[in-house]
Amino acid sequence: MGSENVSVEYLSAGANRQTAVADWSRGGLLAFGADTNVAFWAPKENSQRGISGLLSGHGDVVKAVTFLPDDDGDEASYLISGANDKSLIVWKSTHDQTRFKLLHTSHDHAGAINCIAAIRVANEPARWLIASGAADATINIWSFEADKLELLQTIKTTPKFFPLCLSLSWIDDCGNVLALAAAGTKDSIQILTTETQSDAIQFQTQATLRGHEGWIRSLSFARESSKPGNDLLLASASQDKYVRIWRFHQGQELPAATAEGADPSSGAYMPGKSPSNKAHWIKAAGKDFSVTFEALLLGHEDWIYSAKWHAHADGKLQLLSTSADNSLAIWEADPESGIWVSMVRLGEISREKGATTATGSTGGFWTGLWSPDGNSVACLGRTGSWRRWEYDVSEDLWRPCIATSGHTKAVTGIAWSKDGEYLLSTSLDQTTRLHTKWTSSGANTWHEMSRPQIHGYDLNCIDSISATQFVSGADEKLMRVFSEPRSVAAMLHKLGGIGSVGEVSAMPDAANMPVLGLSNKAIDAVDDDAEIQPVDDRDREAMDPASIVKKSQLDLDRPPYEEILSRATLWPEAEKLYGHGYELSCLAASHDGTLVASACKASSLNHAVIRIFETERWTELRPPLAAHTLTATRLRFSSDDRHLLSVGRDRQWAVFQRTVGGSEATTTPYELLQANPKGHTRMILDCAWAPASSGDASRPLLFATAGRDKQIRVWRALVNAEGRLEFAQAAAVSTGVPVTAVDFLPWAVGEGRYVLAFGTETGCVGTYLVSADGTDAKEQPLPVGMHLPKTVLQLAWRSSQKGEAAAAELAVAGEDSSLRLYAFKDGFLHGV
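Numbering follows the UniProt record's numbering, with no gaps: position 202 of the sequence shown is 202.
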């Protein structure tokens, strides 16, 4: 079976909140750390497909990513990443420039790697110098040549600080003297230099630049212009809310502006604190250099996380700064006066920041990047989502563009809508997200289209009740039911052809979250010109100005941008379901949408019960179903809803059968058919029903269970002597590692066989072809590149799409914060 029968349809993952976490190559590829992975995205690609690949190699959160600068070609050949696992990895691109393979791993640091800087020092043969700063208070200097990484020097920071940012640049005209700027958890910047012509490259501390009053998060070097003999500029961004620019000038004379005693802050500095303009002198390779304070950039209202230079083709030098105040600014020097001014301000308007609610604030921008041509900028926010703007020359305007988004913590639950039109995912990042295909563009790419729930608790489980309703459970004792608002339904219909416009008339317009609440309230959308009242923090029902939904916000011809996703696509809460005593562990909705079954974390019989709720009046049907003694880990209704299967940490499975006739409307419609207290030898983690046999008596009812005992077991129903169904083990497959997720394809394939997908604790994803009687299971492994670096938490096959003979699609939820969608051709499913 060739890997050409399986393809990646969609990848979604949020970026890690670190300043050095991303880089944009000259070839247009943007790489960023996403949990333990390195994700690739081509922002300017016409198809707008989002993440194109995920690299696995690190054992902990990736904090620093940089491409090695390549002077010869346009494409990036090498990528370097550093992570909390103290490792530095060099990746080399393969033939198509978007795929990289692991070339070298180093564990020379004794702490998490926070930042990386690199510079090309020779062309023939190609050689780079790399600096890496870590939480062991050291900076390592590396040489990379002929695919080999060599440690040249370890610099201990004095006075001791943890490096958070580094920048490398040539300080002289000839390219003999290299300067390294380093800063972090102190308010000063260390300047080190080395001569590259000498036999041994050894950096020496030359100057300490003072002036900032907080930790320094970002450093960036740039030449003032392309003219010979021009000065070098260093920008430093700090938590003191200011950006400082420093000038490096060659020669024994001070630069003209400093010599004349000009005020570098142009009169705009903090009261009573005149910025020091002391000149620092550096001597290297027999040359003299001065470092002077050039300018103080004021305008941000909160910590500044990044500052990055871009030298445009026309010689114009601009600086991009991003801040926790939800804005990014582009600065340039006024050609007449030389004063640095903010030319462009993008992001949030202060009046609508709305930091009081989960939906009100995007939480600041953690890093900002320039595109290679300088016509586009991308920045990363608290929600792990990217935002991007592109410069429109004709209108002299920066326009927002489609970017990419994803969960920032483990994806704990996934569920397809009952008609298979969209996919819901929920996560420990306390959000529920709706993903579907953007068909109106013709590109048929997948995107996050709505964020129905933004919560105050970690979310654990989710299921779809109908095409317009779902239920979710979190680390609270209740479940919440959400109904689709009219604005989102109309958008999904327009962009993805989902539903019909006639269905939306009875729905509320939109939803928002009150200032001090957890429940999404149904609201009416307002006209664009409606006056917005200021928020009153004393009123529990007060409407945050940032969470008001305007009618035009979801009248879109493309997927919504992050600020709309996080504010205007909430679903109103229809109901709360109470009854459990502890955090929800699992839930399931019946296929006909009339019942919801749920269970919570439990260490006793009282709490290990399964509660059943009906969805017409949202009442609990009693008594609850008892079988387990510890937490139930998964609940599954059979495809005809006649049976309910539960598995748990007590190593047992239980099957409940639908009762027939005579029962009260308030009575639980299920009774225990069979329980197997020794279903597995360790806890059972997941289960799944094979699709219904459509009345074919020769094909028995089957289900599969998967457990910590490294086994997948298939159970078959037989009729016993009393005429009752009884399940017995038909097959057991040993996987060598604990199995954490299983799911059956909702229809049988050639010769009546079933396809069972499985995921393991080590991240392996594969399938078994199971015979109609359950006695035979043949494994079909997936290509190694489709495995996850961490545990697979849930699997969900897409239910059959109407009138479409498309490939089967499997959604994979990972502990690595990724959501993946794999497409399988018939050849794979039939075992060809």
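Please note that the accuracy of each hint is not assured.
Said to hold, decoys possible - Ranges of calculated distance between the beta carbons of each label pair, as one might list FRET restraints:
1) D592 x D108: 20 to 28 Å
2) G338 x S440: 19 to 27 Å
3) P159 x N444: 50 to 58 Å
4) E671 x D826: 55 to 63 Å
5) P400 x S440: 37 to 45 Å
6) D187 x S734: 24 to 32 Å
Said to hold, decoys possible - No more than 25 Å apart at the CA atoms, straight line, and that leaves these computed lysine-lysine pairs for DSS-like:
7) K790 x K710
8) K148 x K241
9) K186 x K227
10) K101 x K156
11) K86 x K186
12) K227 x K287
13) K101 x K186
14) K160 x K227
15) K86 x K790
16) K418 x K494
17) K825 x K778
18) K44 x K494
19) K825 x K92
20) K101 x K86
21) K160 x K92
22) K710 x K825
23) K409 x K160
24) K283 x K418
25) K316 x K409
26) K86 x K44
27) K186 x K316
28) K86 x K156
29) K283 x K316
30) K283 x K156
31) K156 x K92
32) K316 x K44
33) K287 x K241
34) K576 x K477
35) K418 x K790
36) K227 x K316
37) K156 x K227
38) K101 x K160
39) K287 x K160
40) K101 x K790
It should be emphasised that the hints constitute simulated quantities derived from the structure, not laboratory data. Note that CB positions come from ideal geometry on N, CA and C, so glycine has one too.
We went through each hint and held it up to the structure:
A hinted range of 20 to 28 Å is violated for the C-beta pair D592 and D108, which are about 60 Å apart. For the hinted restraint 19 to 27 Å between G338 and S440, the CB-CB distance of approximately 49 Å leaves it violated. In this structure the hint that P159 and N444 lie 50 to 58 Å apart at CB holds, the actual value being about 57 Å. The hinted range of 55 to 63 Å is not satisfied by E671 and D826, whose Cβ atoms lie roughly 40 Å apart.
The given range of 37 to 45 Å is broken by P400 and S440, whose C-beta atoms sit roughly 19 Å from each other. Take D187 and S734: their Cβ atoms lie about 58 Å apart, and the range 24 to 32 Å is violated. For the suggested pair K790 and K710, the alpha carbons sit about 16 Å apart, so the restraint of at most 25 Å is met. Taking the CA atoms of K148 and K241, the gap is about 40 Å. The hint is violated against a cut of 25 Å.
With a C-alpha separation of about 35 Å, the suggested pair K186 and K227 falls outside the 25 Å cut-off, and the hint is violated. Taking the CA atoms of K101 and K156, the gap is about 32 Å. The hint is violated against a cut of 25 Å. Taking the CA atoms of K86 and K186, the gap is near 22 Å; set against the 25 Å cutoff, the hint holds. Annotation: proposed proximity of K227 to K287 holds, straight-line Cα distance about 20 Å (limit 25 Å).
With a CA separation close to 37 Å, the supplied pair K101 and K186 exceeds the 25 Å bound. Among the hinted pairs, K160 with K227 is inconsistent with the structure: their alpha-carbon atoms are about 38 Å apart, more than 25 Å. A C-alpha spacing of about 18 Å is found between K86 and K790, which places the hinted pair at or below 25 Å, so the restraint holds. Restraint check for K418 and K494: satisfied, since their Cα atoms lie roughly 20 Å apart, inside the 25 Å limit.
The straight-line distance between the Cα atoms of K825 and K778 is roughly 17 Å, inside the 25 Å bound, and the hint therefore holds. Simply put, K44 and K494 have alpha-carbon atoms about 24 Å apart, close enough for the 25 Å limit, and the pair holds. This hinted pair does not check out: K825 and K92 have alpha carbons roughly 31 Å apart, beyond 25 Å. Distance restraint check for K101 and K86: the Cα-Cα separation of roughly 19 Å lies within the 25 Å cut-off, and the hinted pair is therefore satisfied.
Between K160 and K92 the alpha-carbon distance is near 34 Å, which puts this suggested pair outside the 25 Å criterion. For the proposed pair K710 and K825, the alpha carbon gap of about 28 Å is over 25 Å, so the pair is violated. Restraint check: the Cα-Cα separation between K409 and K160 comes to about 32 Å, which exceeds 25 Å; the hinted pair is violated. For the hint pairing K283 with K418, the CA-to-CA distance comes to about 71 Å; that exceeds 25 Å, so the pair is violated.
Among the hinted pairs, K316 with K409 is inconsistent with the structure: their alpha-carbon atoms are about 40 Å apart, more than 25 Å. This hinted pair does not check out: K86 and K44 have alpha carbons roughly 33 Å apart, beyond 25 Å. For the proposed pair K186 and K316, the alpha carbon gap of about 32 Å is over 25 Å, so the pair is violated. Note on K86 and K156: the hinted pairing holds, with a Cα-Cα distance of about 16 Å set against a maximum of 25 Å.
The straight-line distance between the Cα atoms of K283 and K316 is roughly 30 Å, outside the 25 Å bound, and the hint therefore fails. Between K283 and K156, the direct Cα distance comes to roughly 21 Å. Compliance with the 25 Å bound is thereby established for this hinted pair. Note on K156 and K92: the hinted pairing is violated, with a Cα-Cα distance of about 29 Å set against a maximum of 25 Å. Between K316 and K44 the CA atoms are separated by roughly 23 Å; this keeps the pair inside 25 Å, and the hint holds.
Between K287 and K241, the direct Cα distance comes to roughly 35 Å. Violation of the 25 Å bound is thereby established for this hinted pair. The suggested pairing of K576 with K477 holds, with an alpha-carbon distance near 10 Å, which does not exceed 25 Å. Between the alpha carbons of K418 and K790 the distance comes to roughly 29 Å, so the proposed pair goes past 25 Å and is violated. For the suggested pair K227 and K316, the alpha carbons sit about 12 Å apart, so the restraint of at most 25 Å is met.
Our distance criterion of 25 Å between C-alpha atoms is broken by K156 and K227, whose separation comes to about 36 Å. For the proposed pair K101 and K160, the alpha carbon gap of about 36 Å is over 25 Å, so the pair is violated. In summary, the hint linking K287 to K160 is not supported, as the alpha carbons are separated by about 29 Å, beyond the 25 Å threshold. Straight-line distance between C-alpha atoms of K101 and K790 comes to about 19 Å, which keeps the hinted pair within the 25 Å bound.
This entry does not satisfy hints 1, 2, 4, 5, 6, 8, 9, 10, 13, 14, 19, 21, 22, 23, 24, 25, 26, 27, 29, 31, 33, 35, 37, 38, 39, going by the numbered hints stated previously.
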